[in-house]
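Since the structure of chain A is provided, determine the placement of chain B on it from the hints.
These are the residues of each chain, in order.
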Amino acid sequence: AQSVTQPDIHITVSEGASLELRCNYSYGATPYLFWYVQSPGQGLQLLLKYFSGDTLVQGIKGFEAEFKRSQSSFNLRKPSVHWSDAAEYFCAVGNQGGKLIFGQGTELSVKP
Amino acid sequence: NAGVTQTPKFQVLKTGQSMTLQCAQDMNHNSMYWYRQDPGMGLRLIYYSASEGTTDKGEVPNGYNVSRLNKREFSLRLESAAPSQTSVYFCASSITGTSGTDTQYFGPGTRLTVL
Numbered sequence: 001a002q003s004v005t006q007p008d009i010h011i012t013v014s015e016g017a018s019l020e021l022r023c024n025y026s027y028g029a030t031p032y033l034f035w036y037v038q039s040p041g042q043g044l045q046l047l048l049k050y051f052s053g054d055t056l057v058q059g060i061k062g063f064e065a066e067f068k069r070s071q072s073s074f075n076l077r078k079p080s081v082h083w084s085d086a087a088e089y090f091c092a093v094g095n096q097g098g099k100l101i102f103g104q105g106t107e108l109s110v111k112p
Numbered sequence: 001n002a003g004v005t006q007t008p009k010f011q012v013l014k015t016g017q018s019m020t021l022q023c024a025q026d027m028n029h030n031s032m033y034w035y036r037q038d039p040g041m042g043l044r045l046i047y048y049s050a051s052e053g054t055t056d057k058g059e060v061p062n063g064y065n066v067s068r069l070n071k072r073e074f075s076l077r078l079e080s081a082a083p084s085q086t087s088v089y090f091c092a093s094s095i096t097g098t099s100g101t102d103t104q105y106f107g108p109g110t111r112l113t114v115l
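Chains as they are written, first to last, in my numbering: chain A, 1 to 112; chain B, 1 to 115.
There could be a bad hint or two in this list.
Straight-line Cα separation of at most 30 Å, DSS-like style, residue types lysine-lysine; simulated pairs [what the hints assert, rightly or not]:
1) Lys9/B / Lys49/A
2) Lys111/A / Lys61/A
3) Lys14/B / Lys57/B
4) Lys68/A / Lys49/A
5) Lys61/A / Lys49/A
6) Lys57/B / Lys9/B
7) Lys71/B / Lys9/B
8) Lys49/A / Lys57/B
9) Lys49/A / Lys71/B
10) Lys9/B / Lys61/A
11) Lys57/B / Lys71/B
12) Lys49/A / Lys111/A
So, partial list: chain B residues that the calculated Cβ filter (under 7 Å) puts toward chain A [to be verified]:
13) Gly40
14) Leu43
15) Thr101
16) Gly109
17) Thr113
Hints listed in this document are in silico derivations from the structure and should not be mistaken for laboratory results. Treat the numbers as computed from the prediction; the structure is a model and nothing was measured. Positions of the beta carbon are idealized from the N, C-alpha and C atoms, including for glycine.
The following block holds chain A by itself, in its conformation from the complex (with noise of 0.2 Å):
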């Protein structure tokens, strides 16, 4: 079965800092790989997605992610975490038939 797994429910990062967000996925095919980011109080937005070439993909608001089949992994990283990226991350995957399984979410919080 399909499935999405991000192991981080909640991760405290500093401004300026560094960010890593991990994204496992279980999938029998070639995966189809998104990630969405949740303001408080909004929709979901698109920050990037994968789904052939390349396997460092870039992003909207200088986020990027590297798919690694070797691990079944899809990370969302930034190299400097600004206050306003304090928000609900969900990492995603899309079937053939164009349906998205959603991981359980990571909240970010920045502190200043």
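Leaving out everything else, chain B in the frame of chain A:
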């Protein structure tokens, strides 16, 4: 271009009451989705509509019905609300709904409380 809009933003119901959540998109997308978001569980698919005139069950369809009114609109109905349906509901749309690479675009959500 408003994207995906949802009404209402907030709603409080009593157990047994019914209500319909409305969703509309102006991006000429073929596919639309309804999710619920609960703490610690991410988003779970309730129903989806791959194209106008079709609807299919998702992961958690019990207690809900949907109507794809036209290409733009996709409504979610709770016939007899239960406290377990207290959640935040999101509508989304995508251009084809048949490709795993499609981006889904989300509305701002409806926060529903059932007492």
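Okay, the hints, checked on the actual structure:
Simply put, lysine 9/B and lysine 49/A have alpha-carbon atoms about 28 Å apart, close enough for the 30 Å limit, and the pair holds. Taking the CA atoms of lysine 111/A and lysine 61/A, the gap is about 19 Å. The hint holds against a cut of 30 Å. For the suggested pair lysine 14/B and lysine 57/B, the alpha carbons sit about 25 Å apart, so the restraint of at most 30 Å is met. For the proposed pair lysine 68/A and lysine 49/A, the alpha carbon gap of about 14 Å is at most 30 Å, so the pair holds.
Our distance criterion of 30 Å between C-alpha atoms is met by lysine 61/A and lysine 49/A, whose separation comes to about 14 Å. The hinted pair formed by lysine 57/B and lysine 9/B meets the criterion: a straight-line CA distance of about 24 Å does not exceed 30 Å. For the hint linking lysine 71/B to lysine 9/B, the alpha-carbon distance of about 22 Å falls within 30 Å, and the restraint holds. Note on lysine 49/A and lysine 57/B: the hinted pairing holds, with a Cα-Cα distance of about 25 Å set against a maximum of 30 Å.
Restraint check: the Cα-Cα separation between lysine 49/A and lysine 71/B comes to about 26 Å, which is no more than 30 Å; the hinted pair holds. At roughly 27 Å between alpha-carbon atoms, lysine 9/B and lysine 61/A fall within 30 Å of each other, so this suggested pair holds. For the hint linking lysine 57/B to lysine 71/B, the alpha-carbon distance of about 18 Å falls within 30 Å, and the restraint holds. A distance of roughly 28 Å separates the Cα atoms of lysine 49/A and lysine 111/A; the hinted pair therefore holds under the 30 Å criterion.
Against a cut-off of 7 Å between C-beta atoms, the interface hint on glycine 40/B holds, since the closest Cβ of chain A lies about 6 Å away. Among the interface hints, the one on leucine 43/B holds; its C-beta lies about 4 Å from the nearest C-beta in chain A, closer than the 7 Å criterion. Look at threonine 101/B: its Cβ gets to within about 4 Å of chain A, closer than 7 Å, so that hint holds up. Interface restraint check for glycine 109/B: the shortest CB-CB distance to chain A comes to about 6 Å, inside 7 Å, so the restraint holds.
The interface hint given for threonine 113/B is violated, since its Cβ lies 15 Å from the closest Cβ of chain A, which is over the 7 Å cut-off.
When each numbered hint is compared with the structure, a violation occurs for hint 17 only.
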